[in-house]
Amino acid sequence: MSFFKKMKEKITGTNEAVTGKFKEGLTKTRDSFTSKVNDLVARFREVDEEFFEELEEVLLQADVGFETVMELIDQLKAEVKRKNIKDTAGIQTVISEKLVDIYNAQGESDNSLNIQEDGITVILMVGVNGVGKTTTIGKLASRLQKEGKTVMLAAGDTFRAGAIEQLVVWGERAGVEVIRQSEGSDPAAVMFDAVNAAKKRGVDVLICDTAGRLQNKVNLMNELQKVHRVIGREIEGAPHEVLLALDATTGQNALIQAETFKEATDVTGIVLTKLDGTAKGGIVLAIRNKLNIPVKFVGLGEGIDDLQPFDPEKYVYGLFADGLELEAAEEQDTEEDK
Amino acid sequence: MAFEGLAERLQGTLQKITGKGKISEADVKEMMREVRFALIEADVNLKVVKEFVKTVSERSIGQDVMKSLTPGQQVVKIVKDELTKLMGEEQSGIQFARKSPTVIMMVGLQGAGKTTTSGKLANSLRKRNNKKPLLVAADVYRPAAVQQLETIGKQLTIPVFSLGTDVSPVEIVRQALEKADEDHNDVVIIDTAGRLHIDETLMQELKDIRELASPDETFLVVDAMTGQDAVNVAKNFDDAIGITGVALTKLDGDTRGGAALSIRSVTQKPIKYVGMGEKMDALEPFHPERMASRILGMGDVMSLIEKAQENVDEEKARDLEQKLRTQTFTLDDFLDQLQQVKKMGPLDEILKMMPGFNKIKGLENAQVDESQMGKVEAVIYSMTTQERATPEMINASRKKRIAKGSGTSIQEVNRLLKQFEEMKKMVKQMTGAQSKGKKKMKFPGMDAFFK
Ligand SMILES: Nc1nc2c(ncn2[C@@H]2O[C@H](COP(=O)(O)OP(=O)(O)OP(=O)(O)O)[C@@H](O)[C@H]2O)c(=O)[nH]1
Ligand SMILES: Nc1nc2c(ncn2[C@@H]2O[C@H](COP(=O)(O)OP(=O)(O)O)[C@@H](O)[C@H]2O)c(=O)[nH]1
Ligand SMILES: [Mg+2]
Ligand SMILES: [Mg+2]
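Protein chains in written order, with numbering that gives the first Met the number 0: chain A, 0 to 337; chain B, 0 to 450.
Treat the hints loosely; a few may be bogus.
EDC-like, lysine to aspartate or glutamate: derived pairs with alpha carbons at most 20 Å apart [unchecked claim]: (1) Lys-28/B / Glu-49/A; (2) Lys-46/B / Glu-48/A; (3) Lys-49/B / Glu-81/B; (4) Lys-46/B / Glu-66/A; (5) Lys-28/B / Glu-55/A.
Everything labelled a hint here was simulated from the structure, so no lab data went into it. No experiment lies behind these values; they were computed from the predicted model shown.
All chains, full assembly: derive it from the sequences and hints.
Written out as structure tokens, the structure reads:
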């Protein structure tokens with residue numbers, strides 16, 4: 000069996016294997032990242048037009064978006080020319096560097112949450128429908144709890160059927176209290192209650208769930224702003240983090256989502272969910288590049304521990320390395336079928 | 000924003016070409032690059048785009064495009080035709096079983112909209128087809144999924160069959176079918192848990208349910224915002240359980256929805272429904288042609304007109320359409336329109352359906368702020384009839400008077416006049432009612448879409 004075929008089987012194998020691979024990929028050290036890329040790019044002997052085309056396609060299929068891909072390819076071509084790189088041995092580090100550069104165009108940022116030394120930290124979770132806000136809150140609560148913080152949740156999605164119960168279950172799983180009102184009540188009122196309960200109990204972190212809303216619905220975006228305002232009125236400087244949940248499966252619309260939610264609520268970070276699937280969520284590169292919103296966490300499953308801090312280098316690796324492997328494997332297959 | 004429609008993209012290319020007289024094969028190739036850009040930006044899968052561009056390219060070179068005086072329009076037309084064709088026939092009907100009950104299974108990724116669409120579908124079948132549906136809560140994994148469906152059932156007063164979360168989904172479905180028999184439900188809609196297409200265990204579960212229930216329809220529910228991955232999702236679900244149709248959700252958003260094309264071309268299964276909102280009546284039949292326009296960034300003009308018709312009285316609508324076409328649209332009509340639009344519901348939703356809406360300077364923010372509408376009304380009320388009909392006559396002193404009369408500022412009067420101008424321009428582009436000798440049209444080929 001060819002190397003690429005083996006690779007392909009590994010990638011498209013069982014769910015556990017895939018999840019495992021991603022987790023592995025995401026926790027890889029920088030060293031092995033570079034060496035892996037070395038291996039992969041080695042099969043292209045020459046840095047020619049064909050090589051760039053293939054790279055372009057791989058990135059487009061990861062939802063990176065046309066503009067960003069073109070920018071990258073242009074930069075790469077210039078670099079190749081400048082450094083007079085002829086064979087691929089020299090280009091691997093350049094690709095990864097350039098991708099990370101695009102991500103960090105507006106400066107490197109630290110991905111940690113803005114947790115207050117003293118007093119309550121309020122985290123507001125926002126995003127469109129069904130992207131994983133509530134699930135992420137459950138995971139995050141558990142994570143912070145394990146770090147020794149006391150956590151409280153606010154059931155701010157009073158609209159979607161069963162949304163409050165869903166958060167209550169996550170509260171039970173994480174072992175944290177959930178402040179709730181009945182379905183249909185004013186979300187701003189829930190937040191008001193929750194902030195005051197959090198103050199009274201002296202918890203460290205309050206995480207607020209909100210109903211999913213499409214960014215083009217002005218009424219709903221106004222409602223979200225009101226929720227934001229109410230929190231700010233009760234605790235100065237709050238919310239300290241506004242996390243936008245983005246589904247990795249989403250295409251170019253994610254950029255508009257980020258832009259609009261940022262305008263409405265000053266988004267401070269992104270949680271890229273559902274990365275355990277086959278989608279890559281490459282649009283986060285453009286979001287970071289254009290809007291300067293960093294990805295803080297990635298979601299890797301429906302379990303309570305399936306949340307990991309984001310590492311741009313490891314992410315970038317997953318973005319094009321798998322793609323190139325798969326393309327190569329497909330080519331290999333068609334060759335063999337002939 | 001980087002989301003230009005195809006027509007605008009082609010316009011750029013054409014400007015380079017015009018003046019050369021006849022266009023060459025290389026020019027067509029250049030245009031095809033733009034087609035490719037536009038489709039990828041609309042989230043159509045790259046491989047699907049390649050195939051598509053090949054077809055369009057062949058048709059373009061073979062046909063009159065190269066001889067045409069309006070090559071841009073020709074290309075847009077060919078692209079739109081091909082796209083519409085690919086999108087399939089309009090068919091939203093359900094394949095009802097000869098022997099009751101008709102079993103419908105809803106499948107898809109996490110958060111796609113299965114549960115909501117199950118509720119909407121039950122609602123619609125009861126209303127339009129006089130059916131007596133039973134909803135089945137077969138998602139035992141996601142927290143409170145059962146409660147979600149039960150709440151929806153309560154809202155609709157449609158029965159929901161559930162056995163909590165300790166029984167296997169297959170067993171739940173088995174008992175639900177018995178219950179449907181007992182209660183004479185003629186439609187059974189199974190809401191399954193969201194799952195990844197690469198999750199073998201859970202995909203097996205769907206196969207088991209299918210084995211037991213032999214559904215008459217298996218709908219893949221897909222989020223319209225899905226990107227390149229749509230092909231993998233659709234292919235895997237179709238290969239595993241054989242879907243019979245697709246429901247595309249969250250089309251009330253501002254996504255182009257290229258996933259629709261990707262899914263069609265890998266599965267060849269019809270897109271039967273589109274979700275247009277979170278409420279239980281927001282389910283609509285799929286219109287291939289509208290979807291094609293939307294993917295190409297030409298706005299959903301038809302849906303806009305339809306929405307207007309639902310809420311505006313017939314005569315006024317026809318009247319307006321006439322005025323739009325003949326360019327006799329005045330500020331009075333504008334005012335009238337504003338008031339009609341208010342009745343239609345959230346203004347932003349309506350406006351998002353307009354082609355090129357996000358392109359209009361000064362309009363993007365002002366329009367969506369509903370409180371602004373009061374001011375706009377006040378300004379127009381302070382104008383004379385003549386001024387409303389021919390806004391060009393409003394000079395500085397008139398502006399001053401109007402501002403004073405309406406309790407606004409000259410800037411606000413100016414803004415409204417500018418908006419009105421922009422709107423007129425846009426309408427012109429929409430309807431293609433362009434008189435000769437004026438500026439070049441921004442959306443070449445738009446006229447092709449108005450029969
Ligand atoms: N705006 C809008 N929202 C929708 C539409 N369809 C579903 N939603 C919302 O999308 C979210 C997810 O919908 P669900 O019906 O729970 O999706 P699901 O596929 O059952 O999700 P899981 O069971 O969690 O996998 C909810 O917030 C719904 O209200 C639609 O057409 N438009
Ligand atoms: N596979 C996978 N599913 C997820 C992930 N995060 C959330 N989900 C699922 O996506 C669906 C929607 O999540 P939910 O938290 O209800 O989204 P919300 O509407 O934004 O609050 C649920 O079925 C979750 O179980 C993830 O990282 N991976
Ligand atoms: Mg939620
Ligand atoms: Mg569901």
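Taken at face value, is the distance from the CA of Glu-55/A to the CA of Lys-28/B at most 20 Å? Holds. Lys-28/B to Glu-55/A sits at ~19 Å (cutoff 20 Å).
Given pair status - Glu-81/B, Lys-49/B, alpha carbons within 20 Å: Given pair Lys-49/B, Glu-81/B holds - Cα atoms ~14 Å apart, limit 20 Å.
Restraint check for Lys-28/B with Glu-49/A, where alpha carbons must lie at most 20 Å apart: At roughly 19 Å apart (the allowed maximum being 20 Å), Glu-49/A and Lys-28/B satisfy the hint.
Quick one, are Lys-46/B and Glu-48/A close enough, alpha carbons at most 20 Å? This hinted pair holds, its Cα atoms lying about 19 Å apart.
Holds or violated: Lys-46/B and Glu-66/A, Cα atoms, limit 20 Å. Status holds; Cα separation ~18 Å.
In summary, the structure agrees with every hint in the numbered list given earlier.
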